[in-house]
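**Q** Residue numbers (the working numbering), protein chains in the order written: chain B, 1 to 273; chain X, 1001 to 1097; chain C, 2001 to 2287.
In case anyone wonders, no lab produced these hints; they're calculated from the structure. From a predicted model like this one, the values you see are computed outputs, not experimental measurements. C-beta atoms are modelled at their ideal positions from N, C-alpha and C, and glycine is treated no differently. A few of these clues could be false.
Ranges between beta-carbon positions, derived for each pair [what the hints assert, rightly or not]:
#	chain 1	residue 1	chain 2	residue 2	range
1	B	VAL55	C	THR2036	48 to 54 angstroms
2	B	THR175	C	ARG2046	51 to 57 angstroms
3	C	PRO2006	B	VAL55	50 to 56 angstroms
4	X	LEU1086	C	ARG2284	30 to 36 angstroms
5	B	ALA210	C	GLU2203	38 to 44 angstroms
6	C	ARG2071	B	GLU187	19 to 25 angstroms
7	B	HIS82	C	PRO2151	17 to 23 angstroms
8	B	VAL179	C	THR2036	47 to 53 angstroms
9	C	ARG2017	X	LEU1086	44 to 50 angstroms
10	C	GLU2232	B	ARG224	55 to 61 angstroms
11	B	GLU223	C	THR2036	55 to 61 angstroms
12	C	PHE2013	B	PRO240	33 to 39 angstroms
Computed list of lysine-lysine pairs in DSSO-like fashion (alpha-carbon distance at most 30 angstroms, straight line) [as the list claims (entries may be wrong)]:
#	chain 1	residue 1	chain 2	residue 2
13	C	LYS2048	X	LYS1056
14	X	LYS1056	X	LYS1003
15	X	LYS1003	C	LYS2048
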Amino acid sequence: MSASASNGRVWLEALTGVSAGARRAPATVVSIDAALGEERARYIAVVPDAGNRFVRARNGEVGVEEGWALARAVRDVMEADHDDSRRPIVAIVDVSSQAYGRSEELLGIHLACAAAADAYAAARLAGHPVLALLVGKAMSGAFLAHGYQANRILALDSTDVSIHAMGRQAAARVTRRSVEELEQLGERIPPMSYQVRSFAQLGLLHRLIAGVDAASPTPADLERVRGELIESVSDIRQSPRDLSLRWSNAAALHARAASIAVRQRLAEQWNAS
Amino acid sequence: MEKLTFVYPARTVLASRAHVGVVASGDLEVLLEPADGRESRVTVTTSVDGFGVAWKSVLDRFFARFTAATEVEINDFGATPGLVMLRLEQAVEALQP
Amino acid sequence: MTAVRPEAVAEDFLARRSFIELSARQRAAALLDAGTFRELLGPFDRMKSPWLLEQGVVPQSDDGVVIARGRIAARDAVVAAIEGAFQGGSVGEVSSAKIAGALELALEDCLRGRPVLAVLVLESGGVRLQEANLGLAGIAEIHAAIVALRPHVPVVGVIAGMVGCFGGMSLAAALCSQLIVTRQARLAMNGPEVIEQEAGIAEMDASDRAAVWQLIGGEQRYATGLADALVEDDVDAMREAVRRALAMPAAARSTEVERFQSRLALIDPAHPPEPRALRLAWSRSTA
């Protein structure tokens, strides 16, 4: 298995100090309550499980059961907490894709992933500081389900971290280019890049954390990342609960000028003059 | 991909604007708007290179009949000349209040 | 029983107007009360994709999404309709911002005590690959906007065909308060071609149309409770269905965790049910 095979499991265990043994099915979605600074937080990761009963979700993909289990993990926290003590929820993101399979589509994987996104969004709107920590792959539907509804997205500055709408091989086939050509395109056109540093230019990342080992974090690395998570939680608690910072931050002014212009013009035209 | 521009003399004033079509494979969209002055200007963005003569032929025929001073924007994804003329005519029809 | 005159059958057929054949703009106008259609960021605003020209793709003046305000059954509404004929309805930076932005403004109005209903006409292959991460981010913002708006007003999704609703937009469909489909519709996260590519032709033969619709088609989705209404491809029927859906009590299947986890627990992935069998197991009347 490659080093990035489960950065997700590595970081879940490292940040919580707890071994991610299976608690409930599916074993692919692990949630652990542990300290974050002075308070308790829920950490959630999707991890590989060679014995997953859904064969196409054995390598850290988000499949049908994973989508609903993510929703369960988040909604359990919402039900347990009250308005004055909504704990942070940390999505540790290392997800290669959604699961590809006939059964997956039959059984409504689109709804399962929507349920996960729904839960994270609902938690955010209820006042839980929701964070996404990208430690590996953050791809397409899997990222939409697990991480993309966070108030703040943080990422390790590592070649292990890759964000995109479609895997390289599949994207190459669909666009009838070579993988090399796609990579070159990504250098010219920032939103098409797989690299986390290009992603960081788009104004979607709160923090890009450099100098940290994504595959085997040291104690100093963990301290560093915890510090960033704690700072983010504090920032979230002083900010609106929607995602508007994603198109109003400094980097977005340039990188997402069109997203901003659309919203501006819509607002101007919303009421008939 | 090519961007082509054409200019034609105009005699009358355009009172309204119109939009027709979709940039679908084999199709095009046309935007017609009033232009200042006594000229019509056409901007064609097309996915298919090398058909400048065909575009000119269709537009020459169209502007021989259509005399209002107009800004025409065409976004084309490989439509036939026949379809281009049809969309232009549909756009003119859509100008009626 | 009286015999049906052949002429009556012909008249009925001719009187029907296909909703599927309408463009996005025509669909939005057809769903709104007559005379109330007012488009925002229409073609003449020229809010095009900033990313397509340099990749050799001709942009469309509205980036393939129509946003229209108006009334539905005399209530203020906004319709966002995706033009499936432009780049397969794929969603990029501008198109996703139009949809999310419209939903965000509807929410603002709701919070000011001026409810605005929302209807999403979804005809999309998912993220536009030429805009990849900005398309994906925009879709996440659409999801966020639906979840935020849904407690205040119904958000009704419509999938008519023939493109269907795939990728990140299939999650948007699943987040809607009510989802209306035709028989011609398809709804799935990954398209049949992608499944065939990733999992092999034995898993999915994308060229077997009957099999594809049996698996992910509108009727199957309706019969397994993953859509709320199955409608004929007819403009009047669709208008009626949207009005009915907007009057339904608030519901969101994407919050029914218990229900779906229980259902999945009964399924053995090693012996998955045939689509027909799933209709019985997940019938609209069962828990």
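**Q** All hints, please: hold or fail.
**A** Okay, the hints, checked on the actual structure:
1. The given range of 48 to 54 angstroms is respected by B:VAL55 and C:THR2036, whose C-beta atoms sit roughly 51 angstroms from each other.
2. Range check, B:THR175 to C:ARG2046: about 26 angstroms between beta-carbon atoms, so the 51 to 57 angstroms window is missed.
3. The supplied range of 50 to 56 angstroms is met by C:PRO2006 and B:VAL55, whose beta-carbon atoms lie about 54 angstroms from each other.
4. Look at X:LEU1086 against C:ARG2284: about 46 angstroms separates their beta carbons, and that is not inside 30 to 36 angstroms.
5. For the pair B:ALA210 and C:GLU2203, the supplied restraint of 38 to 44 angstroms holds, since their beta-carbon distance comes to about 41 angstroms.
6. Range check, C:ARG2071 to B:GLU187: Cβ separation about 49 angstroms, and the 19 to 25 angstroms hint is violated.
7. In this structure the hint that B:HIS82 and C:PRO2151 lie 17 to 23 angstroms apart at CB holds, the actual value being about 19 angstroms.
8. A hinted range of 47 to 53 angstroms holds for the C-beta pair B:VAL179 and C:THR2036, which are about 50 angstroms apart.
9. In this structure the supplied range 44 to 50 angstroms is violated for C:ARG2017 paired with X:LEU1086, their Cβ-Cβ distance being about 21 angstroms.
10. Between C:GLU2232 and B:ARG224 the beta carbons are some 60 angstroms apart, a value that agrees with the proposed interval 55 to 61 angstroms.
11. Judged by the Cβ atoms, the range 55 to 61 angstroms given for B:GLU223 and C:THR2036 holds: they are separated by roughly 59 angstroms.
12. For the hinted restraint 33 to 39 angstroms between C:PHE2013 and B:PRO240, the CB-CB distance of approximately 53 angstroms leaves it violated.
13. Pair hint C:LYS2048 plus X:LYS1056 holds up; C-alpha atoms about 26 angstroms apart against a cutoff of 30 angstroms.
14. Among the hinted pairs, X:LYS1056 with X:LYS1003 is consistent with the structure: their alpha-carbon atoms are about 13 angstroms apart, no more than 30 angstroms.
15. In summary, the hint linking X:LYS1003 to C:LYS2048 is supported, as the alpha carbons are separated by about 16 angstroms, within the 30 angstroms threshold.
Checked against the numbered hints above, the structure breaks hints 2, 4, 6, 9 and 12 and satisfies the rest.
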